[in-house]
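S.K.: Sequence:
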Amino acid sequence: MIKIELLNVSGQTIQGLSIKEPGGEGHPNMLILLCKRGYIMCGYLNQAAAEKFSDAAAIISGSSFDELLENAVKTVTPEAEKLGVTVGMKGAEAVVKLNG
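In case it helps, my numbering puts the sequence shown at residues 1205 to 1304.
Treat the hints with care, since some could be wrong.
Under the rule of at most 30 angstroms between Cα atoms (straight-line distance), these lysine-lysine pairs were calculated in the DSBU-like manner [to be verified]:
{"#": "1", "residue 1": "1224", "residue 2": "1240"}
{"#": "2", "residue 1": "1224", "residue 2": "1278"}
{"#": "3", "residue 1": "1256", "residue 2": "1224"}
{"#": "4", "residue 1": "1240", "residue 2": "1294"}
{"#": "5", "residue 1": "1240", "residue 2": "1207"}
{"#": "6", "residue 1": "1207", "residue 2": "1256"}
{"#": "7", "residue 1": "1256", "residue 2": "1278"}
{"#": "8", "residue 1": "1256", "residue 2": "1240"}
{"#": "9", "residue 1": "1278", "residue 2": "1294"}
{"#": "10", "residue 1": "1207", "residue 2": "1278"}
{"#": "11", "residue 1": "1286", "residue 2": "1256"}
{"#": "12", "residue 1": "1207", "residue 2": "1294"}
{"#": "13", "residue 1": "1278", "residue 2": "1240"}
{"#": "14", "residue 1": "1224", "residue 2": "1207"}
{"#": "15", "residue 1": "1256", "residue 2": "1294"}
{"#": "16", "residue 1": "1240", "residue 2": "1286"}
So the derived label-pair ranges between C-beta atoms look like this [as the list claims (entries may be wrong)]:
{"#": "17", "residue 1": "1215", "residue 2": "1252", "range": "32 to 42 angstroms"}
{"#": "18", "residue 1": "1230", "residue 2": "1258", "range": "28 to 38 angstroms"}
{"#": "19", "residue 1": "1291", "residue 2": "1258", "range": "15 to 25 angstroms"}
{"#": "20", "residue 1": "1221", "residue 2": "1255", "range": "17 to 27 angstroms"}
{"#": "21", "residue 1": "1214", "residue 2": "1278", "range": "18 to 28 angstroms"}
Don't read these hints as lab results, they were simulated from the structure.
It should be emphasised that the depicted structure is a prediction, and the values quoted were computed from it without experimental measurement.
In this text, a Cβ means the ideal position worked out from N, Cα and C, and glycines have one as well.
Can you build the whole structure from these sequences, using the hints too?
M.R.: Here it is, written out as structure tokens:
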């Protein structure tokens, strides 16, 4: 099942996309938070591809939008780093940087 949801993060609206168990029952959900200048993706997606296309992206582990916003950034692309996203910051902080 695919779910698209508008989320309010620090007064900013972003779009969340969730694909439930794309590999079948028991597999993790695939999550993306779409911001104005980049996106946050779960570990299910490929950082090398994001870097190849010069995307501003951060990878955060989580199985829900709330977890992506609460958990710490694990890795960032060089473009996201240029926008101030750093490893260790909470997902909600990264959204503010990527949506600014």
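S.K.: Does each hint fit the structure? Answer for all of them.
M.R.: Each hint, compared with the structure:
no.: 1; hint: 1224 to 1240; in the structure: holds, 24 angstroms
no.: 2; hint: 1224 to 1278; in the structure: holds, 22 angstroms
no.: 3; hint: 1256 to 1224; in the structure: holds, 26 angstroms
no.: 4; hint: 1240 to 1294; in the structure: holds, 18 angstroms
no.: 5; hint: 1240 to 1207; in the structure: holds, 20 angstroms
no.: 6; hint: 1207 to 1256; in the structure: holds, 27 angstroms
no.: 7; hint: 1256 to 1278; in the structure: holds, 19 angstroms
no.: 8; hint: 1256 to 1240; in the structure: holds, 19 angstroms
no.: 9; hint: 1278 to 1294; in the structure: holds, 10 angstroms
no.: 10; hint: 1207 to 1278; in the structure: holds, 24 angstroms
no.: 11; hint: 1286 to 1256; in the structure: holds, 16 angstroms
no.: 12; hint: 1207 to 1294; in the structure: holds, 23 angstroms
no.: 13; hint: 1278 to 1240; in the structure: holds, 21 angstroms
no.: 14; hint: 1224 to 1207; in the structure: holds, 8 angstroms
no.: 15; hint: 1256 to 1294; in the structure: holds, 25 angstroms
no.: 16; hint: 1240 to 1286; in the structure: holds, 15 angstroms
no.: 17; hint: 1215 to 1252: 32 to 42 angstroms; in the structure: holds, 33 angstroms
no.: 18; hint: 1230 to 1258: 28 to 38 angstroms; in the structure: holds, 35 angstroms
no.: 19; hint: 1291 to 1258: 15 to 25 angstroms; in the structure: holds, 19 angstroms
no.: 20; hint: 1221 to 1255: 17 to 27 angstroms; in the structure: holds, 20 angstroms
no.: 21; hint: 1214 to 1278: 18 to 28 angstroms; in the structure: holds, 21 angstroms
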